[in-house]
Structure formats: C-alpha cells, structure tokens
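Build the full structure now, drawing on both the sequences and the hints.
In this note's numbering, the protein residues as written are 2 to 92.
Keep in mind that a hint or two might mislead.
[To be verified] Below, simulated BS3-like cross-link-like pairs (lysine-lysine); rule was C-alpha separation at most 30 Å, straight line:
#1 K88 x K24
#2 K88 x K65
#3 K65 x K24
#4 K88 x K38
#5 K28 x K38
#6 K25 x K65
#7 K28 x K88
#8 K24 x K38
#9 K36 x K88
#10 K28 x K65
#11 K25 x K48
#12 K88 x K70
#13 K45 x K28
#14 K65 x K36
#15 K88 x K45
#16 K36 x K25
#17 K24 x K45
#18 K25 x K45
#19 K38 x K70
#20 K48 x K36
#21 K48 x K24
#22 K24 x K70
#23 K48 x K70
The set of hints was computed from the structure by calculation and includes no laboratory data.
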Amino acid sequence: MANRITTPTNVKLLTNVAVVRMKKCGKRFEIACYKNKVVNWRNKTEKDIDEVLQTDTVFTNVSKGQVAKREELVAAFGTEDQLEICKIVSS
2 MANRITTPTN
12 VKLLTNVAVV
22 RMKKCGKRFE
32 IACYKNKVVN
42 WRNKTEKDID
52 EVLQTDTVFT
62 NVSKGQVAKR
72 EELVAAFGTE
82 DQLEICKIVS
92 S
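Put into structure tokens, the structure is as follows:
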C-alpha cells in the first residue's frame, strides 16, 4: 500500500471569512471577504478593496468553491470584470 498525504482532520476551513451574498437575475453571487474589513468598507473608512477581499473571484457558492460563470456575470451585472462586480456586491 502506497503512502498517501492526507488532509489534517483538525483544520478549520473558511475561518475569518465573511461571505457576502447578492441575489440578482435569479442567481446568487458570493464573495469571500475579511469579517472586520467589510464593515469598514461599507462605512467608507476602508478605501482599498484589495484589503477587504480575500480573493477577487465571484462565486456561486464560496464554501464549495463554485466559481460564477462568465455568462451569468454578464447577464446580471453587464460586465465580466470581477473586481467591479466585487465592489457592487460588497457595497
């Protein structure tokens, strides 16, 4: 039997993550952000969106890692620019 590298069982996934959701055109879009930074972004005390986002990818389900399709993004937001969509979802 070959030795395998296994995932540790004591690892907590998605810690310090705030999942920000928006439903538009019948689809749910999610982004992964830092918990404390989302509040600062909405209060306009944080100016840099890169400090708020953990990744600038738009998901349909963050916990499963399902990335939103380009066609869905264009249909819902009129653009495929992920960073601009993240700004819309987070505000």
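Each hint tested on the structure:
1. K88 x K24: Satisfied, since the Cα-Cα distance of roughly 15 Å is no more than 30 Å.
2. K88 x K65: Given pair K88, K65 holds - Cα atoms ~22 Å apart, limit 30 Å.
3. K65 x K24: It holds: about 18 Å lies between the C-alpha atoms, which stays within 30 Å.
4. K88 x K38: Cα-Cα ~13 Å, so holds.
5. K28 x K38: Within the cut-off at roughly 25 Å; holds.
6. K25 x K65: OK: K25 and K65 at ~20 Å, within 30 Å.
7. K28 x K88: Satisfied, since the Cα-Cα distance of roughly 17 Å is no more than 30 Å.
8. K24 x K38: holds, 21 Å
9. K36 x K88: The hint holds at about 16 Å.
10. K28 x K65: holds, 16 Å
11. K25 x K48: holds, 25 Å
12. K88 x K70: At roughly 18 Å apart (the allowed maximum being 30 Å), K70 and K88 satisfy the hint.
13. K45 x K28: Holds - the C-alpha atoms of K28 and K45 are around 27 Å apart, at most 30 Å.
14. K65 x K36: Status holds; Cα separation ~19 Å.
15. K88 x K45: holds, 12 Å
16. K36 x K25: holds, 23 Å
17. K24 x K45: holds, 23 Å
18. K25 x K45: The given pair, whose Cα atoms are some 24 Å apart, holds under the 30 Å limit.
19. K38 x K70: holds, 26 Å
20. K48 x K36: holds, 16 Å
21. K48 x K24: holds, 25 Å
22. K24 x K70: holds, 15 Å
23. K48 x K70: Holds, because 28 Å separates the two Cα atoms, which is no more than 30 Å.
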